[in-house]
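Protein chains in written order, with our numbering: chain A, 2 to 218; chain B, 2 to 218; chain C, -14 to 218; chain D, -14 to 218.
Treat the hints with care, since some could be wrong.
[As the list claims (entries may be wrong)] DEER-style ranges, computed between Cβ atoms:
#	chain 1	residue 1	chain 2	residue 2	range
1	C	Gly182	B	Lys156	37 to 43 Å
2	D	Thr119	C	Lys169	25 to 31 Å
3	A	Lys14	C	Lys57	47 to 53 Å
[As the list claims (entries may be wrong)] Partner residues aside, some chain D positions facing chain A, computed with beta carbon under 8 Å:
#	residue
4	Met(-14)
5	Leu(-12)
6	Gln97
7	Gly99
8	Pro101
9	Ala102
10	Asp146
11	Asn150
12	Val181
13	Gly182
14	Pro186
15	Asn187
16	Ile189
17	Gly193
Quick caveat, the hints were computed from the structure, so don't treat them as lab data. Ideal Cβ placement from N, Cα and C applies to all residues, glycine included.
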Amino acid sequence: MLDKNGIAKRIAKEVQDGYYVNLGIGIPTLVANYVREDIEVEFQSENGVLGMGPFPFEGEEDADIINAGKQTITTLPGASFFDSATSFAMIRGQHVDLTILGAMEVSENGDIANWKIPGRMVKGMGGAMDLVASAENIIVAMMHTNKKGESKILKQCSLPLTGVGCVKKIVTNLAVLEVTQNGFKLLERAPGVSVEDIQKATEGTLIVEGNIPEMAV
Amino acid sequence: MLDKNGIAKRIAKEVQDGYYVNLGIGIPTLVANYVREDIEVEFQSENGVLGMGPFPFEGEEDADIINAGKQTITTLPGASFFDSATSFAMIRGQHVDLTILGAMEVSENGDIANWKIPGRMVKGMGGAMDLVASAENIIVAMMHTNKKGESKILKQCSLPLTGVGCVKKIVTNLAVLEVTQNGFKLLERAPGVSVEDIQKATEGTLIVEGNIPEMAV
Amino acid sequence: MILKKVNSVQDALKGVKNDMTLMLGGFGLSGIPENAIAELVSMEVKGLTCISNNAGVDDFGLGLLLQKRQIKKMVSSYVGENDEFERQMLSGELDVELIPQGTLAERCRAAQAGFPAIYTPAGYGTEVAEGKETREFDGKMYVLEHAFKADFAFVKAWKGDAAGNLVFKGTARNFNPCMCGAAKITIAEVEELVPVGELDPNQIHMPGIFVQRIFEGEKYEKRIEQRTVRTRE
Amino acid sequence: MILKKVNSVQDALKGVKNDMTLMLGGFGLSGIPENAIAELVSMEVKGLTCISNNAGVDDFGLGLLLQKRQIKKMVSSYVGENDEFERQMLSGELDVELIPQGTLAERCRAAQAGFPAIYTPAGYGTEVAEGKETREFDGKMYVLEHAFKADFAFVKAWKGDAAGNLVFKGTARNFNPCMCGAAKITIAEVEELVPVGELDPNQIHMPGIFVQRIFEGEKYEKRIEQRTVRTRE
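Could you put the whole structure together from the sequences, leaning on the hints where they help?
What follows is the structure, given as structure tokens:
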């Protein structure tokens, strides 16, 4: 079973040379730490920066240079700042190659819910609805089940949707899944996790074909 | 009767303190020379400059600093350059206070034609269609009649339109006219021009009420 | 040159009244019009509708207006950093319209640029699109979203001049340029008002035509929400 | 950092083929992609559809492609400076679509920013709107105009870096930023390619994400169309 860093590490393998990548808050943010050093990747943050670098050294934080998670950041050579309309032009115009974000629920047809629990938690969608409606390539980073042990990989989402039919791939603490026309296709098992474990934790249709390899993280 | 500079001089009186003004090619360009010195006005050119100044001194021309007429220009302190989308955001968003442009024909209901003579002359509309469709305050600068002596102030335009029902005021070599619901209301006569002269040169309905003053230029 | 400079935040905010709709720039606490917000608190204007990406935190930014119950309705994309906000929203005291962040930016730009409405894919198939017109273009579905109508826009820039020209810094730029000229009156506050002619005409982020009033803010706290750092090795 | 630099105009224009749709920046002869145009002439590609505000003059800019009959169709707002153009258009050799200048800019931006179409008031009630959908918003009429679809966009900037970041100069900026990222592939040529990191991230007009290839142009004539001057008193 993977921890949050393990999920981020596995997702980092999906990042290819030449990709512009938007990372959501939470586990996705960690992905930046694990991207191969021999490829060129640039990170975009929807509040208006391209070419994000690591956190600043202590004492060098600048209130005017933050990411979408409101964290102080730095920029790398070749970076640029821009306004929110231009930022979403990059996203809506499909100039960003890969979007990695968290979810509360994903359904077998690729719907995603991650912004609202009616009556309990209403933080808002931020840029997530624009990202999932626009991106060709969306990877969801999430725990396979919630704190009560209930599956978050569902036949149908129960929470208000963020986007419809948009998720292509899911990486959880248990597995790598691909969203296909017939259901969630199991691609890889997390280390030490059996197909049966995954089946138990998955409410949606799980497609298991042939031998499922354990992921190399 | 006014010459082109006279028309420009008369129109300059319509320019008020604090106005952002877009000047078309031809007579309108001359208006800048006659604006009162005790008021603050900024000239916008739709190719991407606000705060235009006079032509450059010889030898100081810059191919990268031109107006919409492709003339080399200078900028004044406080000027800015911007892209075409931003330029038309200023125009369409009604941030430009006054638009002065030429015309081949104007009709009683405020239609204007100035971009095409089918089969003969097709230069294109440039920014004129955006300007006339957006501006609240449009003044047309033109000769009252064409080279054959035919009226250009018509019941209905015969040429392809640039915009419908948009012209508010017209300044010609003969008169100042206001476009009203009932026709062209004669506001002023050019020096030495009689109401009868204007009537003869006007094909559209001319409304003459009371004594028509001679314009002070 | 048309002069936009006013001498105080009080002069800048003249005409702001109860029940008006305001746009406020900023992302989180970065690039927010701190001085205008403080003055709105002093003025005690009430019943405000605020269009702003976020709602501040409990004791800073728009949170200050929320504490005084001056806001009737918020139009935002993310409001997760403010407990008082959540309380007022869940109790029904505060009307909240949550919309996608890109839609928020572009509804501002539409107002600025004279577009009545836009078609965006964001929110299609979700409750955000409920009751809205949708339409297919090239096999993809879009939602029709209308330009905002606001009385005042409050933006914050790094530098500016008396002509209203603005230059922003870093990610404090965010929604500020999109809101310039998107309301009937745009009020810009800047950290530094420089002499006219000092800003390079080639490097002005927002030309002065989009700004009606400009003033230098008395002070800026520029609070950091998430101070994340690494240690030197 | 993702590198966009190519070493020659030949490398930059790889993949340009007959019958493609191209966008070309510039206003009049200001800010036109001179080196790309010269290479298009050398390549002898034919049947091109060119989206560009103007059509050059007889012996410069897009006029060079017109002389060689390489252009099948022009989409422009103003073409009054080119006799050969007028001849080909009036004789029917050249297909011409004249559209309002602001519509041209915004159809580019729509393609860049992922909008399928826009509503603009420009051209309503004129032949430009014939056959197009119109619609009323708040008592005013608008025309629905669609985003351009182009294969290549050629833009010209003043400075750029290998990451594709661009800075324009003066009114040579014009349509160039609007066309970046508005075609499948955007090719930027610059007067000066500077080392990555030299451009201030705060002062980049178009971020490199909108550009696929960048090169330093071998030379720039930057011809002036209307040399207007005043004499010193």
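Review point. Would you say the C-beta atoms of Lys14 (chain A) and Lys57 (chain C) sit inside 47 to 53 Å of each other?
Key: holds (49 Å)
**Study point:** Evaluation of the interface hint that places Val181 (chain D) against chain A, nearest CB under 8 Å
**Key:** holds (5 Å)
**Study point:** Lys169 (chain C) and Thr119 (chain D) - C-beta distance against the hinted 25 to 31 Å
**Key:** With Cβ atoms ~27 Å apart, the hint holds.
Point to revise | Agreement of hint Ile189 (chain D) with chain A interface, Cβ distance less than 8 Å | key: Holds, about 4 Å.
Review point. Can we keep the Asp146 (chain D) interface hint, with Cβ of chain A closer than 8 Å?
Key: holds (6 Å)
Practice item. Hold the hint about Pro186 (chain D) up to the distance rule: shortest CB distance to chain A must be less than 8 Å. Key: holds (5 Å)
Review point. Minimum Cβ distance from Gly193 (chain D) to chain A below 8 Å?
Key: holds (7 Å)
Exercise for review: Let me know if the C-beta of Pro101 (chain D) comes in closer than 8 Å to any C-beta of chain A, holds or violated.
Suggested key: violated (10 Å)
Review point. With 8 Å as the cut and Cβ atoms as the points, is Ala102 (chain D) at the interface with chain A?
Key: violated (13 Å)
Check your understanding: Taking the beta carbons of Gly182 (chain C) and Lys156 (chain B), is their distance inside 37 to 43 Å?
Key -> violated (51 Å)
**Study point:** Interface hint outcome for Asn150 (chain D) [beta carbon to chain A under 8 Å]
**Key:** Status holds, d = 6 Å.
**Study point:** Interface hint outcome for Leu(-12) (chain D) [beta carbon to chain A under 8 Å]
**Key:** Holds - the Cβ of Leu(-12) (chain D) comes within 8 Å of chain A, reaching about 7 Å at its closest.
Violated hints, in rising order: 1, 8 and 9; the structure is consistent with all others.
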